[in-house]
Amino acid sequence: MAIASDAPKDGFRLSMLIYDTRFRSYTIQVIVLILVFLAVAWLADNTIKNLAAKDKDIEFGFLWNRAGYDIGQQLIPYTNDSTHFRAAVVGLLNTLVVAFFGCILATIIGVFAGVLRLSNNWLVARIMTVYVEVFRNVPLLLWIILAYTIFSETRPAPSDFRVTDAMIAEGVEPKASMYLWDSVAITNRASDIPAPLVSRPLGGFEIWGTYISFSVIAVIAVIIASVLGNRALQARAKAIQESTGVRPTTWWQSLLILFAPVVILLLAMGFHLEYPVLKGFNFQGGIAVAHSFTALVVALSLYTGAYIAEAVRAGVMAIARGQSEAAFALGLRPGRTMNLVILPQALRVIIPPLISQYLNLTKNTTLGIAVSYLDLKGTLGGITLNQTGRELECMLLMMLTYLALSLIISSLMNIYNTSMKLKER
Amino acid sequence: MQEESVFFVRGEMINPRSAPSSQSGAVKWLRDNLFSGWMNSILTVLGFAFVVYVIHESLPWLMNGVWRANSLAECRAIIEASAGPGAEGACWALIRERWHQFLFGFYPPEEYWRPVLAFALMFVALAPVLYSDNRRSMLIMVGGVGVLLFLAMIALDGSVGHIAFTVVVMAAMLALAYAAPSKLFWVTLLFPAIGFYLLWGGSVWGPIGALVGFGIVAAAYMLLQNRLGVVVSTGLGFVLACLWWLFVQTQVTTALHDAMPIGLPGVDSDQFGGFLLAFVIGVAAIAGSLPIGILLALGRRSDMLLVKTLCVGFIEFIRGVPLITMLFTASLLLQYFLPPQTNFDLILRVIILVTLFASAYIAEVIRGGLAALPRGQTEAADSLGLDYWQAQRLIIMPQALKISIPGIVSSFIGLFKDTTLVAFVGLFDPLQGITKIVRADINWKGVYWEPYLFVGAIFFVFCFGMSRYSMYLENKLKTDHR
Amino acid sequence: MADQTARKMEVSDEVAIQITNMNKWYGTFHVLRDIDMTVQRGERIVICGPSGSGKSTLIRCINRLEEHQQGHIIVDGTELTSDLKNIDKVRSEVGMVFQHFNLFPHLTILENLTLAPIWVRKTPKREAEEVAMHYLGKVKIPEQAHKYPGQLSGGQQQRVAIARSLCMKPRIMLFDEPTSALDPEMIKEVLDTMIELAEEGMTMLCVTHEMGFAQAVANRVIFMDQGQIVEQNEPKEFFNNPKSERTKLFLSQILGH
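Heads up: the sequence lines are chains A, B and C, in that order. Residue numbers for the first sequence follow our numbering, so the first one is 586 and each next one is one higher. Residue numbers for the second sequence follow our numbering, so the first one is 3 and each next one is one higher. Residue numbers for the third sequence follow our numbering, so the first one is 3 and each next one is one higher.
Just so you know, the hints here were simulated from the structure itself, not pulled from any lab data. Keep in mind that a hint or two might mislead.
Here are the simulated DSS-like pairs of lysine-lysine, each with C-alpha atoms no more than 25 Å apart in a straight line [said to hold, decoys possible]: (1) C:K127 x B:K185; (2) B:K447 x A:K760; (3) C:K87 x B:K185; (4) B:K404 x C:K149; (5) B:K185 x C:K124; (6) C:K124 x C:K87; (7) C:K149 x B:K478.
Please build the complete structure, drawing on both the sequences and the hints.
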């Protein structure tokens, strides 16, 4: 049997490298490969020459030298005697914590605004449209700087909160007062909020200079167990519904399972709040949240929230009106229609852009340098880079870290997408 | 049981009657849109309270605004004098004094006509892209831009020579759009060089020398394409052009400049700032990223594993890192990657890296456009005997790019907003760079709402306008030819 | 060729397409099995069969929109191999009309017609436009030359698609279900154009279920099922006296009501 794509009848000719579909793509790929190699070699050669001219080399040993600078916000213990590597890790954690709170807040704001924008209430829909358009069409940097400026320039100094006996006697109000039953003080230096503490901690251990508390682990474990328990409860309710047709009332059991164990555990450990108190020239106690952090989280979540609102709106609108009409025609009530028909479909549409917004938010945390927030860009790509003069190494490490973060988030998205893909032919 | 006949015939047609009063009018509108249920009523009350609060807080501040003053203290004094003690008001005098810095940075004021003319010509260059061969739309666009340019020139400059020159240029454009709309495409092709020359000035021979390089590419393509194919001829032309740019151009242009020193006064890059800088970077990066983005998108759809891997790797890498790291690469690392002693302008370096950054996003937009085209288009082109590049150029790209216009515009909006980040590498963007300088002035210390409002409002007008325009285009494309 | 008078459909001895022992797989799926087929110049062949029988794939192999893995396809003396030059040569000799027309929506009708002559045949623009107008007249829509495809009805679009192929002056025409995307009232105008073409002596391979067309024009009907040629015969014999059970079943299904 003759096999067309095998033996060329009149042997191999050089022109076949270009004109034969079998070889053409290899020819092109080899040429591309050579060009890429040449380009890389040229860049590498230039880099080596430039480094030699400046008497530099490429090595990462500097990471283990003393950093010698302070970081205001640190989630793991850090002093200026720690290494540059530890500074970078502190920066990375700062990036992650902003991204974490930002994503949560942005989701809440975005879903809220997106749903309200779709509401048939004319006024509210218009207000939300204005919010979305204003935030989407003005640079994020402006929101960050504006939020920071408002916090640090319009808020009163801590001394304005002082109440002296003389003032009480004269009935004079202090210039500023705390919010939420004297628990939160926003001064021009920082936001002081109550700190959650336990009086009977469960102990803990230290790993890599960081204290890991068993109390925190216990709370997290109990919460996870509660959620799993609630799932089991729902599964049982579903099974009952499927066998008898009647769904048992479970909401109070759910509430009990979700909240009772945590509350009991916290009471057992002696949970209490430590309030910030004005002592001397500043507030003591509680947690002092830097304005750079607050401004960054507020601006990022409002900005990204506007985009998420658009994604939510587009997602719900993408579900054809016919779907809800079909559900109504079957006699489902609006609430059930939303839960059983609209949301499962809308989520499929909403989640991918939502995750890409999370990705954007994470990358945008780098704008924190505008308000001197020391995230990964501020530590590794900022002060460490300037102090050691190791631009190539620092930039490389930083880019790879951000790349890894992005790839993790986008691979989560891909996993979700494949698991949710509609079964269609 | 009496049997009813199903027979029925209408003797007289029923005329339409007006709806009952509950179905129309303001009451119905209010009930439907604001008070359709208790939940909605609560929302309405809350929303109304919010609007009232915002107006109550901001209106006096806006109304008390002061336009003429020399410092913030003076502003406050005027406000207290006019609106009573303790009254607050905006101090627009700051904007009045510094608006030119927000718009042009430190560009020499007597040369403001150049960036303004370049900005106007940009729209002329865009006209053939947006309206392909619709002469009427192009005339409206060019004419409108001309009138606006004229007004802007009168407001800005006052120099009769400059006004006359811009009027002549725009009249020529209008005549071209009227007489030969398809020739307007040449303006689009030449605009990068014209814009560059208008903005930076200097000897006229430099940009002409650079253009000759592109002429060499085009000539090589025209002459050799039939014999050697598209890729080889373009590549050869590119190599020749590089030789010209690297080894010949400088000597020739220097000689020409010595012989005929024609030119505009040069402007240094560190004099650029404000929205001028934002536009230069944004427009240059988007324009430059389009060809790269097209190639990347085609590469990503290619069957060739190596090409595909390279393109995917590049796109995903760029999309995975924040823009700031690219900007720092421009300011810190690019010098390492280029031959020793190459030293070029920071704005140019930033534009190169921002172009690479934008090209990854544009590539994804165009990939979406390509995916939206039915397979039959490629098959039809194949069956007619068109080769790959002919099919791409004549059939696929014109359609894919048209579908991608909204995506490209929104990429541009994102990029335009992101140009504010160049402040971190020491350029004077309108937000960080200029505002910081203004706020550091002893006269204006303590002012914050006004400059941010001003800058934010300009960004909003441009971005919102562009996004609305692209939505309009999207709707128009949906109905066009379909 | 354009001003040729209608010859009464005669078939010459010259071979237009020679397919021997051709096999094709999609992955592991064997779509075309041992196809042997000879088409004489001037022959009008109708290929029919149930969906998924490989009939479209077969004619798409003839201008290598699909690649075959075994056997030979020789079109007009040129063998289709992986050689690009041969592929280009065959494609400029063979016209193809698609089910969904595949007109280029961003070009006017006239531009659709002149595109390939200008870029592939390197015809001067004026000449290409003259030829295009000639063929537009032939498919009876010269007045639509400056409209866009989206402004035409389906039947008109398909006739434009036929004219577009004719502008390349092909020696063989392939039709891939040209009428199955059309509304019933538009089928006739397309079939009329195709019949006219057949009367002029064009070599045609047509995948279609229009049995009336097959009876009127074809000199051979090929029935395919499961990737193989099951039966081929003259139209009259094929319809009145099918031999294979599969053919009988198929005919009863499409003619059954």
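Hint by hint, here is what the structure shows:
no.	hint	in the structure
1	C:K127 x B:K185	18 Å, holds
2	B:K447 x A:K760	23 Å, holds
3	C:K87 x B:K185	36 Å, violated
4	B:K404 x C:K149	19 Å, holds
5	B:K185 x C:K124	23 Å, holds
6	C:K124 x C:K87	16 Å, holds
7	C:K149 x B:K478	17 Å, holds
Comparing the model with each earlier hint shows a violation of hint 3 alone; every other hint is respected.
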